[in-house]
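Produce the complete structure using the sequences and hints provided.
2 protein chains.
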Amino acid sequence: MQKVPPRTLSGFMELLPPQQNKMERMLEVLRETYSSYGFTPLDTPVIESAEVLLAKGGGETEKQIYRFTKGDSDLALRFDLTVPLAKYVAANYGQLSFPFRRYQIGKVYRGERAQRGRFREFYQADIDVIGDGKLDITNEAEIPAIIYDAFSRLGLKRFRIRVNNRKILNGFYAMNGMSEKAGEIMRTVDKLDKIGAEEVRQLLIEEIKMLPCKAENVMDFMAICGTNAEVLEALDRYRGMDRTFDTGLDELKAVTKYLKDFGVPEENFAIDLTIARGLDYYTGTVYETVMTEHPEIGSICSGGRYDDLAGYYTDKTLPGVGISIGLTRLFYVLNEQGLLSDELITAPCDALVLPMSEDLSFAISSAAALRRAGIRTQLFTEQKKFKAKMSYADRIGVPFTVIVGEDEIRDGVLSVKDMQSGEQSRFTPEEASGHIARIIAERQKCSVICEN
Amino acid sequence: MQKVPPRTLSGFMELLPPQQNKMERMLEVLRETYSSYGFTPLDTPVIESAEVLLAKGGGETEKQIYRFTKGDSDLALRFDLTVPLAKYVAANYGQLSFPFRRYQIGKVYRGERAQRGRFREFYQADIDVIGDGKLDITNEAEIPAIIYDAFSRLGLKRFRIRVNNRKILNGFYAMNGMSEKAGEIMRTVDKLDKIGAEEVRQLLIEEIKMLPCKAENVMDFMAICGTNAEVLEALDRYRGMDRTFDTGLDELKAVTKYLKDFGVPEENFAIDLTIARGLDYYTGTVYETVMTEHPEIGSICSGGRYDDLAGYYTDKTLPGVGISIGLTRLFYVLNEQGLLSDELITAPCDALVLPMSEDLSFAISSAAALRRAGIRTQLFTEQKKFKAKMSYADRIGVPFTVIVGEDEIRDGVLSVKDMQSGEQSRFTPEEASGHIARIIAERQKCSVICEN
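Quick mapping for you: the protein sequence lines, in order, are chains Y and S.
Heads up: the first sequence begins at 80 in my numbering, then just goes up one per residue.
Heads up: the second sequence begins at 80 in my numbering, then just goes up one per residue.
Wrong hints could be hidden among the right ones.
For chains that are exact copies, the list does not tell them apart, and a pair is met inside one copy or across any two.
[Unchecked claim] Once the Cα atoms are required to be at most 25 Å apart in a straight line, the calculated DMTMM-like pairs of lysine to aspartate or glutamate come out as:
{"#": "1", "residue 1": "Lys524", "residue 2": "Glu509"}
{"#": "2", "residue 1": "Lys82", "residue 2": "Asp394"}
{"#": "3", "residue 1": "Lys464", "residue 2": "Asp215"}
{"#": "4", "residue 1": "Lys149", "residue 2": "Asp159"}
{"#": "5", "residue 1": "Lys466", "residue 2": "Glu312"}
{"#": "6", "residue 1": "Lys332", "residue 2": "Asp386"}
{"#": "7", "residue 1": "Lys466", "residue 2": "Asp159"}
{"#": "8", "residue 1": "Lys260", "residue 2": "Asp321"}
{"#": "9", "residue 1": "Lys149", "residue 2": "Glu191"}
{"#": "10", "residue 1": "Lys395", "residue 2": "Glu93"}
{"#": "11", "residue 1": "Lys270", "residue 2": "Asp359"}
{"#": "12", "residue 1": "Lys260", "residue 2": "Asp228"}
{"#": "13", "residue 1": "Lys468", "residue 2": "Asp215"}
{"#": "14", "residue 1": "Lys288", "residue 2": "Asp272"}
{"#": "15", "residue 1": "Lys524", "residue 2": "Asp321"}
{"#": "16", "residue 1": "Lys213", "residue 2": "Asp325"}
{"#": "17", "residue 1": "Lys524", "residue 2": "Glu111"}
{"#": "18", "residue 1": "Lys524", "residue 2": "Glu107"}
{"#": "19", "residue 1": "Lys339", "residue 2": "Asp394"}
{"#": "20", "residue 1": "Lys270", "residue 2": "Glu130"}
Rather than coming from a laboratory, the hints here were simulated on the basis of the structure.
Here it is in structure tokens:
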């Protein structure tokens, strides 16, 4: 028979079991963290009508979209989780309570040029809070505080959530008579990290045709740095020249204060005036998150405040604030950098029960007892020699083997072997459950990310 | 601005928060159950190369497949989780340990004709055990035993796993000289539940052109029923006429015995000779599962034993046994029939903290304390009157509100209101955590399915 090579498309992540188990742990931590703050889970279709999905225009992503027909239907795969949220909230407005807090962790699709570390199918892990008509500023601090909590629970330490406010930028450009060029300027300034200040200055003058003194103003403004208090103080000097600027500064001060109230340490968040976020629907606070020792990978978690989530679907004004973790890329980078824990149990089970006699009754009831104690237990029933059974246990990396031979059945005990220490002891099924559960719980305490 | 109606495609399930929370509970129970038996989670792409996905030919599903091009690539959306598993095992053969036990819960796509209760995007929740060259018969009993456990944990009671063996059928047709027509006969017999014995008999004679006496043999065979012991006894009378039949009967006896050993009550599994499963890769034990009071909805969980998982990708012989729960359809039916619990907490949070003063510090630290106790806690920071806040609490159906006013801050306590009983008491944050956690845990004990 002619064989088809069993390949997976490039740009699509498919993991071996140990890695997949680490990914599952990350998904679980995110689900738990998001839930713990009162976000309701949402699950929208991967396929939507192209008309609905592209209502707003896909912008930069439009050419990357997977779009196709089936019968008479013009369909597309979702390219983010925000547009489906907008559709959902507009469609179900009357049945939702506002503020509506939802999380969604799901795969999205962008047919980008394939390159290492770039994915065409990737998980986004989003939270958004949507208000009906208005939404309090505290949400703009709680959202990054939740991300701080999520990353901390994952074990990530050296990251910084960079915060800015679009009103400050818009106000600054307005007070300098540069509003028309604001978009171009922001896109250029966005390259600061990559190409440096001198190149940016030149681009502003040569490509955007700014007067050198105006370009200087921009460069001075973008150079404002220091502690959050110092940056806010520097910004205060621009106060009184533009109303939008002043509002933005008030908001940024409030967000900075509340971030502290929410317990986010200053080393994990920083005001950064160079952050703008390309998407034109952000209207206030914006976020990007960098791994401080790996700035080269860009933002691992971004978002912001928008005044109008679903204007292309509904007349209702639905302001909101949201943030999205690019989970697949984050996982890829952590794995590449060796930052995923080796301590975590990644075997398919915690205990492997090895029956050595034909009668399986005691092995089966013992396995059930272990499971009741929360121990993931595999019953190994293949007809193999003892050595082959132990070699399977080694290969899957199971923490404990549980041997059930004629002797054990006669005495009503289990021979439990700790595969890490090599120690073997006989226990009743109840003792064995307690013993194994305790050690597993201890080993599972370590976090999935291990930055040391 | 011209609005686009925010519609979701027909045949795609999109749930409101309370229902989605029930669905999440089902997903969680399945993940936990599958994990508890030592199945490793797998996550394969939704999009595959069409050549890979259709290597074997799509069979009946081929015309339902979502297939499209992107650039030069001929792509398709997965229509089940078995073909991706075959690809995965063939591609990673050298890095996996066998028996390889994996679970996968994911969405699959079939562009079926839209009709009520039929979905084009739906979850399958699969487990499979794959052997390298061979695989013990006990697996064919453990798989349905795990499904019994999963359904029991979900709260489903009145279901029956119907078990048969393809070798018995093939052997029976061989001993009657009907092997060539076996496929047609099985497809006709499959309609027994729907159209009854008399119609089936007529179809066998008129459409399949069987001699009436041969049709009678088939009808007699298919009419064998009773307790499992009675059916096995009746089958023993056919023993000795065909080797395949005899092997199948031995297997069925072994599976029946082990199912008992695994603790599956006789009322939840039954030998049923009419089960064949259309898919031609099943070679031994086959399963279907019916809700005994809703036979009209067909099988909610099906699968079986196959001798060659991945023959179109690899020369390796990879026998396996697997089963798949059609989760989206099951959820739909349970919801329609009113069988999903009303007791389960489906609010986005367990406790809603309502700060009544400007300083949020105590409210924030109290919310954090509640979360540490495992209580899903939302902090409500919108500027609203007390009445509006309580009305929000009512609408989201939160079990507890936690009021933090000036008095509470002064005394370092929280006013906790049980929204079900209306009782309100003052507690320290630690006491409040214990009190709420206890009641929530009690309420969450109920299972998601409630058959009464």
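Here is how each hint holds up against the structure:
1. For a Cα distance limit of 25 Å, the shortest separation of Lys524 from Glu509 qualifies both inside one copy, at 23 Å, and across copies, at 23 Å.
2. Taking the shortest alpha-carbon separations for Lys82 and Asp394, only the inter-copy value of 8 Å comes in at or below 25 Å, while the best intra-copy value is 56 Å.
3. Taking the closest pair of Cα atoms, Lys464 and Asp215 come within 25 Å of each other only across two copies (14 Å); inside a single copy the shortest separation is 67 Å, beyond that limit.
4. Taking the shortest alpha-carbon separations for Lys149 and Asp159, both the intra-copy value of 22 Å and the inter-copy value of 18 Å come in at or below 25 Å.
5. Proximity of Lys466 to Glu312 under the C-alpha cut-off of 25 Å is found in neither arrangement, the shortest distances being 71 Å within a copy and 40 Å between copies.
6. Within a single copy, Lys332 and Asp386 get their C-alpha atoms as close as 19 Å, which meets the 25 Å cut-off; across copies the closest is 67 Å, which misses it.
7. Within a single copy, Lys466 and Asp159 get their C-alpha atoms no closer than 50 Å, and across copies no closer than 37 Å, so neither meets the 25 Å cut-off.
8. Taking the shortest alpha-carbon separations for Lys260 and Asp321, only the intra-copy value of 17 Å comes in at or below 25 Å, while the best inter-copy value is 85 Å.
9. For a Cα distance limit of 25 Å, the shortest separation of Lys149 from Glu191 qualifies both inside one copy, at 23 Å, and across copies, at 11 Å.
10. Taking CA atoms no more than 25 Å apart as the test, Lys395 paired with Glu93 passes between copies only; the shortest distance there is 21 Å, against 41 Å inside one copy.
11. In the homo-oligomer, the alpha carbons of Lys270 and Asp359 lie at most 25 Å apart inside one protomer (18 Å), although the nearest pairing across protomers, at 58 Å, exceeds that limit.
12. With identical chains, the CA atoms of Lys260 and Asp228 are never at most 25 Å apart, being 38 Å at best within one copy and 64 Å at best between copies.
13. Taking the shortest Cα distances, Lys468 and Asp215 sit within 25 Å of each other only across copies (14 Å), while inside one copy they are farther apart (60 Å).
14. For the homomeric pair Lys288 and Asp272, the shortest alpha-carbon distance inside one copy (22 Å) is at most 25 Å, but the shortest distance between copies (79 Å) is not.
15. For a Cα distance limit of 25 Å, the shortest separation of Lys524 from Asp321 qualifies neither inside one copy, at 52 Å, nor across copies, at 57 Å.
16. Taking the shortest Cα distances, Lys213 and Asp325 sit within 25 Å of each other inside one copy (20 Å), while across copies they are farther apart (73 Å).
17. In this assembly of identical chains, the alpha carbons of Lys524 and Glu111 lie at most 25 Å apart whether taken from the same copy (15 Å) or from different copies (18 Å).
18. Taking CA atoms no more than 25 Å apart as the test, Lys524 paired with Glu107 passes in both settings, with 14 Å inside one copy and 21 Å between copies.
19. For the homomeric pair Lys339 and Asp394, neither the shortest alpha-carbon distance inside one copy (36 Å) nor that between copies (61 Å) is at most 25 Å.
20. Proximity of Lys270 and Glu130 under a CA criterion of 25 Å is satisfied in neither setting, with 33 Å inside one chain copy and 41 Å between copies.
The structure does not agree with the numbered hints 5, 7, 12, 15, 19 and 20 stated previously, though it agrees with the rest.
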